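Trainee: The lines below spell out each chain.
Protein chains: 2
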Amino acid sequence: MLSKKTKYGLKALSFLALQKENAPVQIAEIAKQENISQKFLESILLTLRKTGFLGSKKGKGGGYYLIKEPKDILMTDVMRVLEGPIAMVPCVSLNFYEKCDDCPDEKTCSVNKLMLQIRDSTLQVYRNNTLADILV
Amino acid sequence: MLSKKTKYGLKALSFLALQKENAPVQIAEIAKQENISQKFLESILLTLRKTGFLGSKKGKGGGYYLIKEPKDILMTDVMRVLEGPIAMVPCVSLNFYEKCDDCPDEKTCSVNKLMLQIRDSTLQVYRNNTLADILV
DNA sequence: GATTATCCTATTAAATCTATAGGGTAATAG
DNA sequence: CTATTACCCTATAGATTTAATAGGATAATC
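Chain order of the listed sequences is G and L.
When the count follows the numbering used here, it moves up by one through the first sequence with no breaks and lands on 266 for the last residue.
When the count follows the numbering used here, it moves up by one through the second sequence with no breaks and lands on 266 for the last residue.
Careful: at least some of the hints might be erroneous.
Pairs involving identical chains hold if they fit within one copy or between any two copies, as the list cannot separate such chains.
[As the list claims (entries may be wrong)] Cut-off 16 angstroms, straight-line C-alpha distance, at most; resulting in silico cross-link-like pairs (EDC-like, lysine to aspartate or glutamate): (1) K237 with D263; (2) K134 with D231; (3) K135 with D232; (4) K188 with E199; (5) K134 with D232.
These are calculated hints, taken from the structure and not from any lab test.
Fair warning: this is a prediction, and the values are worked out from it, not measured in the lab.
Using the sequences plus the hints, can you model the full thing?
Mentor: Written out as structure tokens, the structure reads:
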């Protein structure tokens, strides 16, 4: 399952991408429009700012805004930040590789063999989509 | 993340597929060979029996065995039974469709748009693999 | 009839996810 | 300069899911 964190994060990014002239939008405004708990959204936006997707402005007229153009925001990067590793098992992860403690040898593991294919096909979709591509 | 349940289930199925003449194997034997908690594995095998993947035999010389040939066991079916819906969000699920309560319209949802692609590519992998294909 | 091994329900323990609380900090307007 | 606005940040609580364990019932075999 996709976490609410990722879901809300994607919705917020899309919402911001649709603003004219990339004007800052307040947390409260996004939360209301997208039916998201405001405080929860706040922490998600904070993460997205710290990881270089969003900029913020304090005080009246402030809010969050995209730092890059939608076509330059890769889903691969967004998903890794919000959802974590793209692979379903650590032993096939490119960026978060880890050996399974119960598995003596990856080369003779059927789970590894199947999940490697899933990772590749999933990665292909994320690599083929930017924020601009998923706007509707 | 892939659940341990699915991981163990796949390993058990693979293990059984490699037995000569499809002889029954005891839970304890599989658990030991694959480093799985025996009681936990027990409940997984029970599920796989109830869903038509395995047969069982009680008493001495008993155990679990495959009911169909590995090449006739589709990963799509195995994954749905062990891991649940293949889609990452209910609103793009073929077999477990559900509308999101927070989303007014799927047609204008960027999460839906992205996850639809993920579902399709994931499904393609599972449909292209039988138990026989992931044996090593 | 003793032994073996699956069958089944209930419960607990651990981990993760989701959301909330509450105050701090910086920018802006007037 | 001061009140207001809105983001900043940490901690924590509640809910859900996952993983594992306990303990005995049932059925088949030797």
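Trainee: Each of the hints needs a verdict: does it hold here or not?
Mentor: These are the hints, each one checked on the structure:
1. Taking CA atoms no more than 16 angstroms apart as the test, K237 paired with D263 passes between copies only; the shortest distance there is 14 angstroms, against 37 angstroms inside one copy.
2. For a Cα distance limit of 16 angstroms, the shortest separation of K134 from D231 across copies, 12 angstroms, qualifies, whereas the shortest one inside one copy, 30 angstroms, does not.
3. In this assembly of identical chains, K135 and D232 lie within 16 angstroms of each other by CA distance solely across copies; the values are 13 angstroms between and 30 angstroms within a copy.
4. Taking CA atoms no more than 16 angstroms apart as the test, K188 paired with E199 passes in neither setting, with 22 angstroms inside one copy and 64 angstroms between copies.
5. Taking identical chains as interchangeable, the C-alpha atoms of K134 and D232 lie at most 16 angstroms apart only when they sit on different chains, with a minimum of 11 angstroms there against 30 angstroms within one chain.
The structure does not agree with numbered hint 4 stated previously, though it agrees with all others.
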